[in-house]
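**Q** So you can see what is in the structure, the chains are spelled out below.
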Amino acid sequence: MVQIRGMHTLIRDREISKHDFVFYSDQLIRLVVEHGLGHLPFTEKQVITPTASVYTRIDFAKSCVVFPLFEGFLLFIYYSGESMENALRACCKGLKIGKILIHRDGDNGKHLIYEKLPKDISERHVLLLDPVLATGNSANHAIELLVQKRVPESHIIFLNLISAPEGIHCVCKRFPSLKIVTSEIDVALNGEFRVIPGMGEFGDRYFGSDD
Amino acid sequence: MEPAALRSGFNDHISVESNGGLDCPKNKQPFIIGVAGGTASGKTTVCNQIISQLHDQRVVLVNQDSFYRSLNDDQLVNVHEYNFDHPAAFNTELLLSCMEKLRRGHPVNIPSYDFKSHKSIEPSRLVNPADVIILEGILVLHDFHVRNLMNMKIFVDIDSDVRLARRIQRDTVERGRNIQNVLDQYSRFVKPSFEEFILPSKKFADIIIPRGGDNDVAIDLIVQHILTKLGQHDLCKIYPNINVIFSTFQIRGMHTLVRDVKTTKHDFVFYSDRLIRLVVEHGLGHLPFTEKQIITPTGSVYSGVVFCKRLCGVSVIRSGESMENALRACCKGIKIGKILIHGDGKNGRQLIYEKLPADISSRHVLLLDPVLASGNSAIKAISLLLSKGVPETSIIFLNLISAPEGIHAVCRKFPKLKIVTSEIDSSLDKNYGVIPGMGEFGDRYFGTD
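One line per chain: the protein sequences are Z and G, in this order.
Heads up, the first sequence is in UniProt numbering, so the first residue is 1 and it goes up one at a time.
Heads up, the second sequence is in UniProt numbering, so the first residue is 1 and it goes up one at a time.
Pulled out of the complex, with its shape left as it was, chain G reads as follows (with noise of 0.2 Å):
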């Protein structure tokens, strides 16, 4: 990105709080994002301004430059010879390596690069695992392996024209070099890299902002979207048709009386009754609606929505079952399908019975099964579904528990069915049973064990 000599005495190799990081859970994965955009355009004001809009959360810094490969004696003399615009002048395995030690929660070692000997040297910087790890570069979406380890990459997207003024303007009045230099070093190797290379890496880039650092509005929405995402499972940032109910700590004493093996079947029935409600409540609120105003006895105009009314629920015989009081509250008179998936095991399930509505192809369809493990019946139900005329856009699966292997296998398969869910597990054990679990979900709520 610049030239080495104009770096001498200008250290923006700054690491943000990454205060310990020893505490950081198990299985929590950081959101990883990566700015990218030609020079001057304002990267580091970008980054600069998310890491303070998020003061609360441990945020980590990388820079690319970092990873500039030491030059050798003869490049060393021929240094204005060298582009260090060019991917191949970064240490692209070695940033890769860092980043995915970091991306495990591991503390590493980031090399310093000195930009008076354009040489890595001692010491290297020790960086710890944080919550947000920013990586910053003119060229941080050019490779598609480092692309690929990020939740959020950022363009920052600034006019030629402007970059170069201020590139001469930071080259020629903070750091003393000649205007001439400045403009061959230009026209040789940064321009001609931008367009090669950092332009068309553009096109990955999930936002582009225009105006860079000063536009407040994008620095904003990007902060609030890290936060949110921030707040969800791991899971929820990999496929965003997942929706976990937000937990209260009344959500989780409800688990905590289902999951209970010592709860009385009552109470087992009441809570998860209870915990159902929220979940099929919730449910409704991803079905399509449109504004509707309505006068008050007041007199008054009140704008509210009304929801898509042609629905039904699909309950999966028998837990599923569990399921269709709750909904038939919240939805007076709807129609309820069913599906009967037998089988033992990861394989082998087999479709025994179903009775769906004849005109579910036209209906946006609730699938009911209160716990999703290895989701081999739910792909079971969703491919009936989907053969039935059912649009997978159409289809709300609603779970009070879910397992990782389950969501991964649903997910992957269908990825435009919603998942509404109460809470996602640790995992599933060899039996397909679901950790930590409510037992066998049926025989607890229909007293048959």
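Just chain Z, with the same shape it has in the complex (with noise of 0.2 Å):
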């Protein structure tokens, strides 16, 4: 869809500022994550409408968010407010948000510091937030720490704005059976594990914790 290219021509813009920059990626993340949530399995039932016809009716499996927040990502998340959450509750009403913090140790070296996520996760269906999939190291301790929390592969969806495609091999190759839904497949990653052309660290500039 061309209204797409036109919210990443502005977000990936270096020139937009901080407002159109939160106000566009979470018009982005809005539209990614209504694509994810039609991958959940439904069953149907019959409805009537006020006009007393029939209508197939479509019953969703219940389901949770889950930010994997990296680095200063947390910290942010917490005090400038929940604008990002409020674009998922724009979608998901009642909806049970989950949080994995990762520490990012050199290049490989990651590990988990902190995690707050819904009792019965197991027996929920996982929307696996992360703006942008690098190389996928960080994605695959975040699904693996789902794992072993019992949640079925097949249960976890994961949405990116931007993937890149050594992060999706390196996610598909080791989860085959999870789903990625993304907005863009960027081109490459440069020598420093970014994005190429990407749109620079997303936290920071969501957040505004580059300035």
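Derived by calculation from the structure, the hints in this document are not laboratory data.
Just so it is clear, CB atoms sit at the ideal spot from N, CA and C, and this is done for glycine as well.
Be a bit skeptical, because a hint or two may be false.
Lysine-lysine pairs mimicking DSSO-like chemistry, simulated, CA-CA at most 27 Å apart [claimed, not checked]: (1) G:430 with Z:18; (2) G:265 with G:292; (3) G:265 with G:309; (4) G:262 with Z:96; (5) G:309 with Z:18; (6) G:292 with Z:18; (7) G:265 with Z:96; (8) G:191 with Z:18.
Coverage of chain Z stretches by chain G, computed from C-beta distances (three or more under 8 Å per stretch; other residues unrestricted) [stated by the list, open to error]: (9) 127–139; (10) 166–177; (11) 190–199.
Join the two chains, each given in its own frame, into one complex according to the hints.
**A** Structure (structure tokens):
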């Protein structure tokens, strides 16, 4: 959809104001989440409309959203309010939101330093939201954690705004039954493991922590 | 097309996977393709390639040759004087009635034509309805009524020398005929008929395929188009300007909630807002755009697009106002005009109030109305916009649900306007309410019932 390329053009632009960046990334996140929700399993029922006609009803499986928070991300998601969560809550009423913090220690050594997940997460379908999928190492950590919490791999939908081919290879090879929903696949990673053309550090730009 | 004797032992009346067909859903019309072209132009190859690429679909091939008229005794004696390439050689009335039945989803008996005796023989071939019907033959684009049945018209175009060379090859080597007879037949009937009837029908084609069956790109494009159309509502096959947003189960789930009579006002508002937002986002994607390159924070170049900035919304009071928030949430600071149209029943819709941006004629207009029922108020609203100087092509009409009657009414009158909707319903009831519909949208959204 061309509309999505229009939003990418705005949020990827290094000249965009913080306010516009947040506005348009929320809009894009919302579309990706809507799309991700479309992959949830469902059951059919029939309902009666006010015109007394029958319409076939769809009921969805229980779900929740998990943010993996990398480095400075956590701090700011609490400080600067919950605007990204609002984009989600606008799609799912009564949505449960879990959080994971993974600390980046060198290139590969990552460890989990914080997690807060719904108790019944193993019975839910999990939408794991990470705006930028780069190498896939952090993502694999987060997914591994969910799998340890007994979430079946096929119940995880991984949502990205931008994915690098390297990251997709890395995640899909390791977790073949998980689903990835993304709005664009970028060209490659550069020498510093950043996505090219990419959009820079999402968290810093979203929460204004690079000022 | 072929002089009768040549076809002996050669049966290309293939029926392809006309399995069952009884589960064909109601109201689902098949996609009908006509494939025409001169003799030996490669029509059959084109059809076979289309069929093999449409492997998941139920496809039926109907050959115009099956509808050759039986020759009487006099004609049989002078069979070499008979022009098999003339439109009169075919029983077009029977062809029409068979195609019409197939289009309505009924099974039909297609005659079997025997090329030795030049007569229709028993048993005829029973053809079940299918998703795609291909009608192939030299003159299928000749008759106006037959053409009118088709959703897609293809003409296979190949140089006459190549066709003659192929025909000589086929008739002498494969069918053991005398070359003098072949050439004689060609110059007396085949060539004149091609020039008089077949070639002129090329102008009716939607697609002209050069190089016939060797043209992989053309076949691929045709198959993609057919698959797209098959996945669409029947109305989208008629009016290319209707866009139904890609339906996921999530969207159907939201429809379930907003249509349910038991849904609370709060939930109704929540889920219709969510649906409206998707329709608005989708509608915005139909605005004109230009390419733009920007530099990302990593210093790389990203080739993106920017959308036309001169737009405005126009909501049809009162239901249309429910769509304003979503539009504002997507386009900051957008101007929104209002139109109030009132009146009951089919006629008597009156424009009561209008407040539109003064420079509306230079803007793209997103017309907001969640339910398109009979189309009467929509037509009033659109006519008003046109009278203000808004070009028809600059109007995008956004709906949550649309009734076929309303789509017919609006699209017939305004073929250049675009409609973006999330679902097309089955019909209207006698009070012009949409069935199954979702009741009086404004009352449910604003809680006035």
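**Q** So, for every hint listed, does it hold in this structure?
**A** Going down the list of hints, with the structure as the test:
Proposed proximity of residue 430 of chain G and residue 18 of chain Z is contradicted: the alpha carbons are some 54 Å apart, above 27 Å. Distance check on the hinted pair: residue 265 of chain G and residue 292 of chain G sit about 43 Å apart at the alpha-carbon level, beyond 27 Å; violated. Taking the CA atoms of residue 265 of chain G and residue 309 of chain G, the gap is near 35 Å; set against the 27 Å cutoff, the hint is violated. About 25 Å separates the Cα atoms of residue 262 of chain G and residue 96 of chain Z, which keeps this hinted pair within 27 Å; it holds.
Of the supplied pair hints, the one linking residue 309 of chain G and residue 18 of chain Z holds, its CA atoms being roughly 20 Å apart against a limit of 27 Å. Taken as a hint, the residue 292 of chain G and residue 18 of chain Z pair is honoured in the structure, with Cα atoms around 20 Å apart against an allowance of 27 Å. For the suggested pair residue 265 of chain G and residue 96 of chain Z, the alpha carbons sit about 23 Å apart, so the restraint of at most 27 Å is met. For the suggested pair residue 191 of chain G and residue 18 of chain Z, the alpha carbons sit about 72 Å apart, so the restraint of at most 27 Å is broken.
Proximity of the segment 127–139 of chain Z to chain G, defined as three or more residues with a beta carbon under 8 Å from a beta carbon of that chain, is not established by the 0 residues found. Chain G is given as covering the segment 166–177 of chain Z, and this is violated because 0 residues of the stretch bring a CB closer than 8 Å to a CB of that chain, at least three being needed. Under the rule that three or more residues need a Cβ within less than 8 Å of chain G, the assignment of the segment 190–199 of chain Z holds, with 7 such residues.
Violated hints for the displayed structure, listed by number in ascending order: 1, 2, 3, 8, 9 and 10.
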